Each structure stands twice: as C-alpha cells, then as structure tokens.
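Keeping the supplied structure of chain B fixed, place chain V upon it in accordance with the hints.
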Amino acid sequence: MRSFLIRCYPARWRARYGDEFEALLEERPLGPFDVADILLGALDAQLRLRGRGAVIAHGRGLSMSLRISGIAAIIGAALLAGAGVLSYDLVEVDAVVQPVLFFAGLGTLLVALTGLSAFQARVAPRLIWGAFALTAIGTIASVVAMVAFVGNPLMADQYWGLWFLGVATALSGSALFAIATYRTAALSRGAAVLLGVGSVLPFVSGNVQPILLAAVISFLLGWFTLGVQAIRLDRQVTDPRPA
Amino acid sequence: MEAKIPEFGRFAEPSLLILVSLSDGPKHGYAIMRDVERGTGRPMGAGTLYAALARLEEQGLIEPLPQVDRRRPYRLTAVGASYLAEQLRGLSEFAQMGLRQLGKTSP
Numbered sequence: 001m002r003s004f005l006i007r008c009y010p011a012r013w014r015a016r017y018g019d020e021f022e023a024l025l026e027e028r029p030l031g032p033f034d035v036a037d038i039l040l041g042a043l044d045a046q047l048r049l050r051g052r053g054a055v056i057a058h059g060r061g062l063s064m065s066l067r068i069s070g071i072a073a074i075i076g077a078a079l080l081a082g083a084g085v086l087s088y089d090l091v092e093v094d095a096v097v098q099p100v101l102f103f104a105g106l107g108t109l110l111v112a113l114t115g116l117s118a119f120q121a122r123v124a125p126r127l128i129w130g131a132f133a134l135t136a137i138g139t140i141a142s143v144v145a146m147v148a149f150v151g152n153p154l155m156a157d158q159y160w161g162l163w164f165l166g167v168a169t170a171l172s173g174s175a176l177f178a179i180a181t182y183r184t185a186a187l188s189r190g191a192a193v194l195l196g197v198g199s200v201l202p203f204v205s206g207n208v209q210p211i212l213l214a215a216v217i218s219f220l221l222g223w224f225t226l227g228v229q230a231i232r233l234d235r236q237v238t239d240p241r242p243a
Numbered sequence: 001m002e003a004k005i006p007e008f009g010r011f012a013e014p015s016l017l018i019l020v021s022l023s024d025g026p027k028h029g030y031a032i033m034r035d036v037e038r039g040t041g042r043p044m045g046a047g048t049l050y051a052a053l054a055r056l057e058e059q060g061l062i063e064p065l066p067q068v069d070r071r072r073p074y075r076l077t078a079v080g081a082s083y084l085a086e087q088l089r090g091l092s093e094f095a096q097m098g099l100r101q102l103g104k105t106s107p
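Residue numbers (the numbering used here), protein chains in the order written: chain B, 1 to 243; chain V, 1 to 107.
Heads up, none of these hints are tricks.
Quick list of simulated restraints, FRET-style, between CB atoms:
| no. | chain 1 | residue 1 | chain 2 | residue 2 | range |
| --- | --- | --- | --- | --- | --- |
| 1 | V | Glu58 | B | Arg183 | 37 to 43 Å |
| 2 | B | Glu27 | V | Ala78 | 27 to 33 Å |
| 3 | V | Arg34 | B | Val85 | 43 to 49 Å |
| 4 | B | Arg7 | V | Ser82 | 33 to 39 Å |
| 5 | V | Arg34 | B | Val100 | 38 to 44 Å |
Which bits of chain V does chain B cover? Going by a derived footprint, with three or more residues having C-beta under 8 Å, they are:
| no. | stretch |
| --- | --- |
| 6 | 42-50 |
| 7 | 70-77 |
Keep in mind the hints are simulated off the structure, nothing from the lab.
These figures come from a predicted structure and were not determined experimentally.
Glycine included, every Cβ here is placed at the ideal spot set by N, Cα and C.
For reference, chain V alone in the conformation it holds in the complex:
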C-alpha cells in the first residue's frame, strides 16, 4: 500500500517516535511517553504527545482502541506500519551514506 507522506511540521519527530513505540504493539499515552523517554533519553510532554497523536490519528496512521480504566490504547494501522517502514528505510539509507562519506574522509 502506498502511503501519502503526511505533513507533521514540528511534530514530525515526536510522531515518528510514537510510531516506533507502537511498532511492537498497542500502548496508551503514558506507556508511549515512558517508552520514548527510555529510548531517546529525552522527555516528551503530554501536550506534544497528544498533538502528535491527533495528527497521526487524523492521517490514519494509528487508530484508537476501546478505553481501559480511562486509558485509551492506540495501535498502528497498516498504512501507519507502511509509512513507518518507509521513514526508517530513509533514515537508514541516510545514515549509511553518511558513514560511507565519513569512511572516505576519516584519517
């Protein structure tokens, strides 16, 4: 499935981090925040989290599941998984290109 790359502006990075967090299964907001903080060593505020979640949901990249004890888990959609894979491949190619260039210039 070809996913149209959505515009997330300043929420591009938090959105990607959320998608990565959801890649191993559904999670609610607090679990996503903890996951992102553990993975990156950087805090993610609740305002940023929900601004990104709303955009991701609007673009159909994630979908909400029924609430459990007032917490609502989210999961990746098929389009979201495809979009995430595409983004990660792009990052990986860029990293490899950078490492190759560094290898040529390093003493």
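Isolated chain B (complex conformation):
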C-alpha cells in the first residue's frame, strides 16, 4: 500500500521527498483519510510539476480536510432524507429522482466516512478499514442492483435481493464506523450512538414501520451531527483578516 501511494507521486518529487515520505508513512497506521489525503497530494504534485508557474501563481492545491468530510456528511444525510421523503410519494417527481438521490447520498456519506476516519484510524485502523470497505461494497452493490433493475425489470426479485444486501452491507459499515467513533471519542459520542442505533435498528425492527422510521431519523441525525462537529473542528483560523 505504502509503495503504491508513493509511486503515485511524480518521479522528480519522489527523488526529492520519497525516502523521508516513506519513513513518515511507516511511523503510523494509515486510514482511509490518510490514503485519500496522500492521493490528493500526489495529484497536486503531478499538477504542480506539469504546470508549475500557473498553478503556483493561482495558489491552487488539493487537500483532504475535516471540512470537506463535514459538508459531505451533512449533504449525504440531506440527500438520503430527500430520498426517504420521496419514497412516501408525498411529492410527484420523475421515478429516477429517488434512486439517484439515494445513491448520491450513500456515495457522499462514503466521502464523509473517509474524511472523518482521520481520528479513528490512529486507534482502530482495522475497524475503520472494515467500515470503509463495507460501506463502499454496499454502495456499489446497491447501485449495480438498481441499474440492472432498470435494464431488466423482469428480474426484479433477484435485483431487489442484491439491493437489499447492498444497503444492509452499507449499514453494517456505518455501524462499525459508529463503534470506532465511540471508542475514539474524538468526535461526538452522542452522534456515534445515534449513528450506531440507526444502523443496527433496521436489522431488528421486524419491519415495524415506526421503528424503521426511528432508525432512519437516528441514522441521519447521527451523520448530520458528526458533519456539523467536523466543520466546527475545521473552522478556518488562517488569514481571517477583512479585505
């Protein structure tokens, strides 16, 4: 993993920083946040070394931050809430809108999980990688199921099963993430409990609608609260001088 990440940087960059960078990566466990941050750093280095002058002059750069993750958590929760509301047919919209909102929400929450794992990966790297993998696999499986269903509605039963399995896997990922967050206590434990309850409750609800609704609300509130807290943690302190 480490050597792959280093190879993503341009050769000229590796010649200068490669050895010390590798030594740095060996000093602590890498989580999804670190991997995303390094990949963005590699992309930044590639862009800078290709279009050096213009890039520096305009001060562009790529970095992973808690703010991005916080915003992603809030947007992801909002998208899923929108998808949930549409599933009750309260508003008349094109049939494709609801699944698109749903998958966009899951994908955005995956970005949030990646960024928010910055704290947990130091303490529970395996747990956090498990959370990331399950959420990613679940999201992909449910997207594949939905696309396949649109392409071949006659096989709806099979695709429904795959979709359900995908969602259940993604929920399991969120549950692991909630456990890691609770254990680390770097972010709100209350939000971790909400997320954990919201992720586990659907499995034991017995399809009782009020319990399912409570689970959905708890799940979304958990992500929303984590997002708000991440943004607070990442408040900009640099150069806040007025223009």
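Just chain V now, with coordinates in the frame of chain B:
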C-alpha cells in the same frame, strides 16, 4: 527583511501551522504532524504536510537539514521567521479588533 507574501491557496492554513511548529526548532515530518495535531486537535494528513512543505521550501520560508535515519528535519529560514511574525501579528490584530467589536455589542 521584507518577505514577499507567497500564495499558498488551500495550503495557507497547513503552511502556517507548520511554520508555527518549526518556530521552536527544527523538526522532521512526523514530529510536525504530531505537533500540529496536538496544538489544534485536528489531524494533518501526510499528503497535505508534504504539499505544504514543498511550497514552503520553494518559497524559501523553510530549509531542509541533512537526513537522520531517513527522517529529514526542516527549519525556519530568516525569511520564514519574518513571514510567520507578520502573519501572527495580522491574526493578533484581527482578533483584537473582533474582541473590541464584541465588547461594544455584547450586553
């Protein structure tokens, strides 16, 4: 010495945090990351650290020292120290202005 204020874009904040970390002496990358995380309570990824270090070095605000056990320490240059002092003074003035305004409007 008058330092030209460099453009760091999205790396302005990490760069400032690194300069503050180096203000009490040379440090290698991992020590800077730990220092920043301890000081701000926020994580700094290795990709962000080295993107900012490369910019700071390019602008002459920090300089590398010889490697020790594959770790390379960095230290502030005179221009870097001057730039950091200027930035911190700006932040301090802004904070004082904000506190004064808050004092006028607070019940």
